[in-house]
Amino acid sequence: MIFKIAFQNIWRNKLRSWVVILAIALGIFGGLAVISTATGLTKMRQENAIKTYVSHIQVHDSAYLTYGRLQDTISSEKKIMQFLSLHKEVAAVSNRLKVESFIQSAGGNSGVILNGIDTKREKELTNLSELCEKGNFLEVYKRKPPIIISQKLATKLNAKIKTSIQCSFTNMYGEATTGVFKVVDIFSSSNSMYDELNAFVRLEDLQSLSLIDGSHEIAFLLKDDKKVEEFREVLLAKYPNQHIASWRGIAPELGYADKMMDLVMTIFLVIIMLALAFGIVNTMLMAVLERKKELGMLISIGMNKRKVFWMIVLESIFLALIAGPLGIFVTYIAVQFFGNYGIDLSFAAAGLKSVGLESTIFPDLNPMYYVIISLLVIVTAILSCIYPALKALKLNPAETLRTA
Amino acid sequence: MIEVTNITKTYDDGKVQVHALRGVDVEITEGEFTAIVGPSGSGKTTLLNIIGGLDTPTHGEVTIGNTSIASLSENELIDFRLNHIGFVFQSYNLIPVLTAKENVEFLMLLQKKNDKERDERTTQLLKAVGLEDQINKKPNEMSGGQQQRVAVARALASKPDFVLADEPTANLDSKSTANLLDIMLKLNEEENTTFVFSTHDQRVIDRAKRVITVEDGKIISDHTK
Numbered sequence: 016m017i018f019k020i021a022f023q024n025i026w027r028n029k030l031r032s033w034v035v036i037l038a039i040a041l042g043i044f045g046g047l048a049v050i051s052t053a054t055g056l057t058k059m060r061q062e063n064a065i066k067t068y069v070s071h072i073q074v075h076d077s078a079y080l081t082y083g084r085l086q087d088t089i090s091s092e093k094k095i096m097q098f099l100s101l102h103k104e105v106a107a108v109s110n111r112l113k114v115e116s117f118i119q120s121a122g123g124n125s126g127v128i129l130n131g132i133d134t135k136r137e138k139e140l141t142n143l144s145e146l147c148e149k150g151n152f153l154e155v156y157k158r159k160p161p162i163i164i165s166q167k168l169a170t171k172l173n174a175k176i177k178t179s180i181q182c183s184f185t186n187m188y189g190e191a192t193t194g195v196f197k198v199v200d201i202f203s204s205s206n207s208m209y210d211e212l213n214a215f216v217r218l219e220d221l222q223s224l225s226l227i228d229g230s231h232e233i234a235f236l237l238k239d240d241k242k243v244e245e246f247r248e249v250l251l252a253k254y255p256n257q258h259i260a261s262w263r264g265i266a267p268e269l270g271y272a273d274k275m276m277d278l279v280m281t282i283f284l285v286i287i288m289l290a291l292a293f294g295i296v297n298t299m300l301m302a303v304l305e306r307k308k309e310l311g312m313l314i315s316i317g318m319n320k321r322k323v324f325w326m327i328v329l330e331s332i333f334l335a336l337i338a339g340p341l342g343i344f345v346t347y348i349a350v351q352f353f354g355n356y357g358i359d360l361s362f363a364a365a366g367l368k369s370v371g372l373e374s375t376i377f378p379d380l381n382p383m384y385y386v387i388i389s390l391l392v393i394v395t396a397i398l399s400c401i402y403p404a405l406k407a408l409k410l411n412p413a414e415t416l417r418t419a
Numbered sequence: 015m016i017e018v019t020n021i022t023k024t025y026d027d028g029k030v031q032v033h034a035l036r037g038v039d040v041e042i043t044e045g046e047f048t049a050i051v052g053p054s055g056s057g058k059t060t061l062l063n064i065i066g067g068l069d070t071p072t073h074g075e076v077t078i079g080n081t082s083i084a085s086l087s088e089n090e091l092i093d094f095r096l097n098h099i100g101f102v103f104q105s106y107n108l109i110p111v112l113t114a115k116e117n118v119e120f121l122m123l124l125q126k127k128n129d130k131e132r133d134e135r136t137t138q139l140l141k142a143v144g145l146e147d148q149i150n151k152k153p154n155e156m157s158g159g160q161q162q163r164v165a166v167a168r169a170l171a172s173k174p175d176f177v178l179a180d181e182p183t184a185n186l187d188s189k190s191t192a193n194l195l196d197i198m199l200k201l202n203e204e205e206n207t208t209f210v211f212s213t214h215d216q217r218v219i220d221r222a223k224r225v226i227t228v229e230d231g232k233i234i235s236d237h238t239k
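Residue numbers (our numbering), protein chains in the order written: chain X, 16 to 419; chain R, 15 to 239.
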């Protein structure tokens with residue numbers, strides 16, 4: 016019957032109870048909505064980076080990363096490529112030759128990294144070919160060797176498809192070399208900084224111009240992204256003289272974003288729970304003070320203080336048990352809906368692109384958060400009603416019956 | 015038996031001292047139908063609260079049966095009230111979210127009585143107060159008189175040694191008052207239930223079997239009819 020009294024007590028002031036319930040539910044929804052959006056953004060940034068330019072793991076010659084010399088190609092390139100190509104855990108692999116170059120057209124100039132790529136392998140590894148306007152991934156060309164530049168670089172160079180572009184760089188022996196390429200396509204990724212600094216040519220064209228027989232970088236994707244670190248260790252044991260790094264090591268800012276998100280989520284959860292706690296303390300305190308006479312009567316007729324205490328605790332647990340699932344349900348529906356259809360932020364597309372994000376955000380929430388929030392809501396409800404419940408215990412029955 | 019020995023009660027807020035009771039001695043035996051009367055502020059409610067263990071005396075002792083209630087801890091006192099004393103309040107004080115039946119059952123639940131015993135006693139008591147057809151009504155669906163009759167049934171539900179009623183008819187009209195007094199007298203006569211009232215209602219005083227008059231915190235008269 017204590018359960019029944021406690022449950023019915025919360026409906027004695029329906030308006031107040033519903034205001035508290037909706038406030039708690041909205042708090043949970045608001046907090047989880049921000050968390051899921053931020054998670055979606057982080058995930059999108061990571062996925063974009065991995066599928067466009069980082070891949071899961073990259074292999075370099077250790078000296079290349081230290082000195083950046085052209086001759087520091089991967090010594091066991093063929094063996095590593097063969098090993099990775101045949102490995103059942105590897106989804107795609109490609110090797111690249113990277114040369115810093117000065118690029119110029121009749122309309123402008125800039126500094127870029129010329130990426131010599133194996134078009135067939137690169138097509139399997141990255142989504143660059145899908146990001147090209149015409150879908151010509153260095154495959155169709157006439158006399159001049161083909162080059163793909165980004166939209167951002169094209170604007171800077173005042174270039175378009177079929178524009179001839181001159182790239183100047185030093186070859187293997189430190190001699191100045193110039194190559195003339197024809198733009199065969201223009202790409203646009205979600206990272207404008209990457210776009211501005213990279214251009215793509217065929218591996219054999221760049222090898223021929225730079226006189227380098229080999230490549231500086233092997234990048235590959237695994238079938239299971241959870242096995243990245245494990246696979247990296249295996250490869251490192253097999254090729255100890257190479258520098259082998261996972262995407263977290265190559266682009267640490269992407270990994271930091273993960274950790275940052277954990278911190279942000281913790282802060283948000285604390286804020287949500289504090290708001291919930293104050294809401295419950297306020298409501299239960301009002302409920303206790305309004306019902307002093309009734310509580311005094313209950314103690315007078317023989318209801319011991321332990322039961323009075325639990326009755327108050329139960330009232331706040333019921334409030335939380337109604338508000339919590341309501342907030343979680345609304346959040347679940349919203350996350351499912353926007354997770355499928357996305358949140359259109361095209362009005363801020365330029366800003367988002369500059370940090371590697373697309374203009375449509377897909378919120379994502381780890382299901383564990385629903386469990387964590389549910390438990391936290393109940394724990395917070397219990398903790399926050401202790402003060403009002405203790406207040407009820409201090410009531411003097413004779414005094415409350417006399418004064419109320 | 016209730017034995018009140020040399021009770022004094024002084025309220026002191028640090029500035030003013032109010033002597034609510036000044037050396038009260040009284041004995042109430044089983045089966046009495048006693049009214050404690052007096053004007054407002056005379057100390058009758060204070061005396062009732064001290065007898066019921068809701069308030070503590072400044073000096074003196076209250077013994078109920080063989081138990082000195084001053085010797086009980088707070089929790090023991092609550093349990094003692096549950097099992098030995100029934101209360102009826104001026105403004106009924108039923109639990110608003112429960113039905114008449116549930117209000118009566120409530121104390122028996124606290125006493126951990128089984129379903130059968132609870133059901134039988136609730137039905138019997140609501141019948142005794144003439145509310146057998148109102149068992150599923152909540153307090154706000156009943157008249158003041160009906161609510162006070164439920165309060166009487168509730169007070170008796172735990173089979174107390176006696177019932178303390180603080181101005182039970184103060185908020186009732188003449189008809190409801192007469193009805194309530196009939197019920198309580200019947201319970202007193204047929205089941206030997208002890209009732210102790212505080213009142214200044216002449217209708218109650220007229221039907222009480224013993225009248226104790228309190229004035230300025232002292233008993234100035236005590237006569238049995």
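Note that these hints are calculated values from the structure, not bench results. Check before you lean on any hint, since a few could be wrong.
Claimed, not checked - Using C-beta positions, here's what the derived DEER-type ranges look like: (1) X:PHE18 / R:ARG221: 36 to 46 Å; (2) R:SER157 / X:ARG31: 42 to 52 Å; (3) X:TYR402 / R:ASP27: 42 to 52 Å; (4) R:ALA184 / X:ARG27: 21 to 31 Å.
Since we're looking at a predicted model, the values are computed, not measured. Glycine residues also receive a C-beta, built at the ideal position from the N, C-alpha and C atoms.
So which of the earlier hints does this model not fit?
As far as the earlier hints go, 2 and 3 are violated by this structure, in ascending order.
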